[in-house]
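Q: Sequence:
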Amino acid sequence: MIAGGGRQSMRERREPPGRPPPPPCPRGRVSDRRLRSQRYKAMKNWGVIGGVAAAVAAGMYVLWGPITERKRRRTGLVPGLLNLGNTCFMNSLLQGLSSCPSFIKWLEEFTAQYKTDQNEPAEHQYLSLTLLHLLRALSCQEVTEDDVLDASCLLEVLRMYRWQISSFEEQDAHELFHVLTSSLEDERDRRPRVTHLFDVHALEQPEITQKQISCRTRGSLPPVSSHWKSQHPFHGRLTSNMVCKHCEHQSPVRYDTFDSLSLSIPAAAWGRPMTLDHCLHHFISSESVKDVVCDNCTKIQAEGTLNGQSIENQRTTFVKQLKLGKLPQCLCIHLQRLSWSNQGTPLKRHEHVQFNEFLIMDIYKYRIPVHKLNQNELNQKNSEETTPGTKDGIAVKPSDAEQPSGTKPLFMNGACSSSFLMSSGTFPLAAFPECSSPVYLYRLMAVVVHHGDMHSGHFVTYRRSPPSPKNPFSVSSQWLWISDDTVRKASLQEVLSSSAYLLFYERVHSRVQHQSLELRAEE
Numbered sequence: 001m002i003a004g005g006g007r008q009s010m011r012e013r014r015e016p017p018g019r020p021p022p023p024p025c026p027r028g029r030v031s032d033r034r035l036r037s038q039r040y041k042a043m044k045n046w047g048v049i050g051g052v053a054a055a056v057a058a059g060m061y062v063l064w065g066p067i068t069e070r071k072r073r074r075t076g077l078v079p080g081l082l083n084l085g086n087t088c089f090m091n092s093l094l095q096g097l098s099s100c101p102s103f104i105k106w107l108e109e110f111t112a113q114y115k116t117d118q119n120e121p122a123e124h125q126y127l128s129l130t131l132l133h134l135l136r137a138l139s140c141q142e143v144t145e146d147d148v149l150d151a152s153c154l155l156e157v158l159r160m161y162r163w164q165i166s167s168f169e170e171q172d173a174h175e176l177f178h179v180l181t182s183s184l185e186d187e188r189d190r191r192p193r194v195t196h197l198f199d200v201h202a203l204e205q206p207e208i209t210q211k212q213i214s215c216r217t218r219g220s221l222p223p224v225s226s227h228w229k230s231q232h233p234f235h236g237r238l239t240s241n242m243v244c245k246h247c248e249h250q251s252p253v254r255y256d257t258f259d260s261l262s263l264s265i266p267a268a269a270w271g272r273p274m275t276l277d278h279c280l281h282h283f284i285s286s287e288s289v290k291d292v293v294c295d296n297c298t299k300i301q302a303e304g305t306l307n308g309q310s311i312e313n314q315r316t317t318f319v320k321q322l323k324l325g326k327l328p329q330c331l332c333i334h335l336q337r338l339s340w341s342n343q344g345t346p347l348k349r350h351e352h353v354q355f356n357e358f359l360i361m362d363i364y365k366y367r368i369p370v371h372k373l374n375q376n377e378l379n380q381k382n383s384e385e386t387t388p389g390t391k392d393g394i395a396v397k398p399s400d401a402e403q404p405s406g407t408k409p410l411f412m413n414g415a416c417s418s419s420f421l422m423s424s425g426t427f428p429l430a431a432f433p434e435c436s437s438p439v440y441l442y443r444l445m446a447v448v449v450h451h452g453d454m455h456s457g458h459f460v461t462y463r464r465s466p467p468s469p470k471n472p473f474s475v476s477s478q479w480l481w482i483s484d485d486t487v488r489k490a491s492l493q494e495v496l497s498s499s500a501y502l503l504f505y506e507r508v509h510s511r512v513q514h515q516s517l518e519l520r521a522e523e
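Note that the sequence shown covers residues 1 to 523 in UniProt numbering.
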């Protein structure tokens, strides 16, 4: 009442005298109706716009699917890897390993026996299973909804193998490669486990099942499964040959194992490009070793003395040379880019080393001399372990191409295009009979590149795209550039122009070699 009366008295003072005041209620109702009508129209328009937008979005989803899946399926990309701090070294190496089908196949065969151990949490205990799951996902062999994967599980399982690798410190991809291969060898060697009767601590462990416990008896142990005997496909053998320069006596050949070939980069001649063959020839080049005891020279000297007088051991100079005794199925080549200045500070070598899509390794293979083979060995088939360097059961005599001189051209690995290599009509190395039809032919699968200096930097990977599901045994010609979680397409020319740090090659077998391998597997 007071409020209404007050408003009426204020209105009467503003209106001229003698005119009745207008009725306020009807005018207020008209303005409210107009406001409500305008709001209703606006809401109706926004509802129509929202419905149209939702319909368009639903149509795009039906046609192309989610944005993340659409990107990968349409362009054929692979998942990236999350950088956990400074884990580009691990991400680049995993992408490189995932491009090697032979390595993934070996992991599948190697981990087949874990399926029988249902009482053990195998995934959290064995490196091989963890690595297999990651590589299969990166090669699109396992269905995953994520475009970016987390590889922290690999660091966790490596800690169980007593490797403390921090994700926040600068690490090296080549060192991690040897950590993985050595850990896989340790995992292979410790199975099957034979517990000694005096190993009370191991017998009291609750995780040791009765299936794993056996004892030493007078009888022979049960046969070891073939899966545990097999070496990983990066395993190879080096031969070391030493010859006395005085009497030309050759010492017994020594064999050493390797997982990767670590090649130093020699000083390049002015105006000439550095090729991968220069590094390989520098690796196997002979070197003189002085002051070595020669048993043959000592024996000859003793035969010339009278009355069997004792003589001192004869020391001479030997010539030492390395060769590849057994070439692996997957070849990892490490280019050493670390050098030291005159002041003792580490420096990185940034020069480009030319490499090719295909690599021929025949001239670097160790060959048994012809005079050391008997008739039975000449009739046997070619075997890498027993008679390396033989072809169709006949030993091949080393040619002059193995020791390139200044007048003869070097082998053309890294200096010719892949089109010349694969063409049958114009082969640039026809002058080399051993290499015109190579036995040890390798195809490039991935390249790891390091950007930066020796103290800090970033690792990226060039790798082949996985084969299509319709033809899983084919090799894709599409290359990808991957930097952690960023993936894009790349050309072969871009790959061959990169400053390689790690090269991953896989051996290419001919039809005849495939048939011999199948027959050997059946036997």
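A few of these clues could be false.
[Said to hold, decoys possible] List time: in silico SDA-like cross-link candidates among lysine to any residue, alpha-carbon distance up to 25 Å:
hint : residue 1 : residue 2
1    : K105      : S476
2    : K245      : Q314
3    : K290      : V319
4    : K489      : G76
5    : K105      : K348
6    : K105      : K290
7    : K348      : D484
8    : K290      : L347
9    : K245      : D189
10   : K245      : K348
11   : K105      : D189
12   : K320      : D189
13   : K105      : K326
Honestly, the hints are just simulated from the structure, not real lab data. Quick caveat: nothing in here was measured; it's all calculated off a predicted structure.
Q: Now, for every hint given, state plainly whether the structure supports it.
A: Now the hints, each set against the structure:
About 18 Å separates the Cα atoms of K105 and S476, which keeps this hinted pair within 25 Å; it holds. Our distance criterion of 25 Å between C-alpha atoms is met by K245 and Q314, whose separation comes to about 13 Å. A C-alpha spacing of about 9 Å is found between K290 and V319, which places the hinted pair at or below 25 Å, so the restraint holds. This hinted pair checks out: K489 and G76 have alpha carbons roughly 9 Å apart, not beyond 25 Å.
Annotation: proposed proximity of K105 to K348 is violated, straight-line Cα distance about 36 Å (limit 25 Å). A C-alpha spacing of about 46 Å is found between K105 and K290, which places the hinted pair above 25 Å, so the restraint is violated. A C-alpha spacing of about 23 Å is found between K348 and D484, which places the hinted pair at or below 25 Å, so the restraint holds. For the hint pairing K290 with L347, the CA-to-CA distance comes to about 31 Å; that exceeds 25 Å, so the pair is violated.
About 41 Å separates the Cα atoms of K245 and D189, which puts this hinted pair outside 25 Å; it is violated. At roughly 37 Å between alpha-carbon atoms, K245 and K348 are farther apart than 25 Å, so this suggested pair is violated. A distance of roughly 19 Å separates the Cα atoms of K105 and D189; the hinted pair therefore holds under the 25 Å criterion. Between the alpha carbons of K320 and D189 the distance comes to roughly 32 Å, so the proposed pair goes past 25 Å and is violated.
A distance of roughly 20 Å separates the Cα atoms of K105 and K326; the hinted pair therefore holds under the 25 Å criterion.
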